[in-house]
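Chemist: Spelled out, the chains give:
There are 2 protein chains.
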Amino acid sequence: MPLPQPVCYYHTPRAPNPRRTQIFIDEKGIEIPRVEVNLMEGAHKQADYLNKVGISQVPALELSDGTVLVESPAICRYLEALHPEPNMLGHDALEQSYVEMWQRRIELRLMVTIAQVFRHTNPRMAALETQCPDWGAVNAGRIDERLAELDRQLQGRDWIAADRLTIADITGVVAVDFLHLIKREIPEGMTALIAWHDRMRARPSTALQ
Amino acid sequence: MPLPQPVCYYHTPRAPNPRRTQIFIDEKGIEIPRVEVNLMEGAHKQADYLNKVGISQVPALELSDGTVLVESPAICRYLEALHPEPNMLGHDALEQSYVEMWQRRIELRLMVTIAQVFRHTNPRMAALETQCPDWGAVNAGRIDERLAELDRQLQGRDWIAADRLTIADITGVVAVDFLHLIKREIPEGMTALIAWHDRMRARPSTALQ
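Taken in order, these protein sequences are the chains called A and B. Residue 134 in the numbering used here is what sits at position 134 of the first sequence, and the numbering runs on without skipping anything. Residue 139 in the numbering used here is what sits at position 139 of the second sequence, and the numbering runs on without skipping anything.
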């Protein structure tokens, strides 16, 4: 049975999770009709969105059989099956697990940490979040050690988890660019991380919208 | 080229992340030599562990080629490739992505939320965590709505994401059992969730160690 095809991609430009799926889509060269969801206006919490998607999250990918996939890595996995090249989730089982490990490590240890600082200390987020400034401060104190983990992995490597671009690099560039929103940057001494970030930002897919 | 084989599984009995990988291993019927890592004594932060695993996390799976996989879903994906039956990550691409979506949803929306309550409000955790009681309270207030998401999904279904046990059910039972540590339980009215949890706890793999 042929796999259902994507019919609509619900996204929010500039938000980190939609951005990483968008970079994945652009690196694959896939065209999918898009609908923009305005988070600041609460469009993701309105009945028509919730009835279709089942949860107030972006991005979401609606398929021709009515299934709606949520969660960026799950969406990317489905798109990789439909469009295997260029491979960005790993060729064999070992590479796939190694890529998934690094994707999760960067997401859960770095990107989420930066997001907590943004959500709990930025006045613009007070409308969307019960802010706990202490929690924001704890996370702010963890960022450099998490960046250092990535810098160490990149010593002598062009890419984070394979011999080419993978979803781990995509989550990585989105996480590092997120530093800008909390007025931080990569510490000067992390030269491998800085060089990798420059290479990533030279790719058209990572242009900020 | 044959895939490298598991040579050692580093785990901590009762901790949620090792428990979900352990249930996966037991449901597969796989035998792997195990080494116990005592988190309360800080064994995961000592040089010999860090040199081998690269990060202070459990569980970890050491392979015969020297690779060490960390992150429970990445470990489970590798074991699924080595031991395809019973299938617990999905047969075709659509099922795989749907299972991954639910695994992530339960992990990131429910299990992490309960973990934040435990870490930020339990006196035993003060030695391991800079505690922010306000953050613990915010998370405590989110738990019932997250349990309700799972209860709704289980209406008229035996399993969370497929017609059989998957990794989503495993993360689910570990998350729900985690409620006990914060002295909470499934609210009475969530009958589908309660019935599913009873079925899950009847499986030998979920016996508490």
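The reader is advised that the hints may include incorrect statements.
Since the list can't tell identical chains apart, any single copy or any two copies may satisfy a pair.
[What the hints assert, rightly or not] In silico SDA-like pairs for lysine to any residue, Cα to Cα no more than 25 Å straight-line: (1) Lys28 with Pro123; (2) Lys45 with Met190; (3) Lys45 with Arg184; (4) Lys183 with Pro6; (5) Lys52 with Glu31; (6) Lys45 with Gln155; (7) Lys45 with Met111; (8) Lys45 with Pro204; (9) Lys28 with Arg104; (10) Lys52 with Ile30; (11) Lys52 with Pro84; (12) Lys28 with Met190; (13) Lys45 with Asp198; (14) Lys45 with Pro84; (15) Lys45 with Gly29; (16) Lys28 with Ala195; (17) Lys52 with Asn122; (18) Lys45 with Lys183; (19) Lys45 with Val138.
In short, the hints are calculated from the structure, not lab data.
Chemist: Could you run down the list of hints and mark each one as holding or not?
Modeler: Tested hints:
1. Lys28 with Pro123: For Lys28 and Pro123, the Cα distance exceeds 25 Å both inside one copy (37 Å) and across copies (49 Å).
2. Lys45 with Met190: between (40 Å within a copy, 23 Å between copies)
3. Lys45 with Arg184: Neither, since 31 Å and 27 Å both go past 25 Å.
4. Lys183 with Pro6: neither (37 Å within a copy, 43 Å between copies)
5. Lys52 with Glu31: within (21 Å within a copy, 43 Å between copies)
6. Lys45 with Gln155: between (43 Å within a copy, 22 Å between copies)
7. Lys45 with Met111: both (23 Å within a copy, 22 Å between copies)
8. Lys45 with Pro204: Result: close neither inside a copy nor across copies, 32 Å intra and 40 Å inter.
9. Lys28 with Arg104: For Lys28 and Arg104, the Cα distance is within 25 Å both inside one copy (21 Å) and across copies (23 Å).
10. Lys52 with Ile30: This pair counts as within: shortest intra-copy Cα distance 23 Å, inter-copy 40 Å.
11. Lys52 with Pro84: neither (28 Å within a copy, 33 Å between copies)
12. Lys28 with Met190: neither (30 Å within a copy, 42 Å between copies)
13. Lys45 with Asp198: neither (36 Å within a copy, 32 Å between copies)
14. Lys45 with Pro84: neither (34 Å within a copy, 39 Å between copies)
15. Lys45 with Gly29: neither (30 Å within a copy, 43 Å between copies)
16. Lys28 with Ala195: within (24 Å within a copy, 43 Å between copies)
17. Lys52 with Asn122: neither (31 Å within a copy, 39 Å between copies)
18. Lys45 with Lys183: neither (29 Å within a copy, 31 Å between copies)
19. Lys45 with Val138: Close across copies (19 Å), not inside one copy (29 Å); limit 25 Å.
Hint check: violations occur at hints 1, 3, 4, 8, 11, 12, 13, 14, 15, 17, 18; the rest are consistent with the structure.
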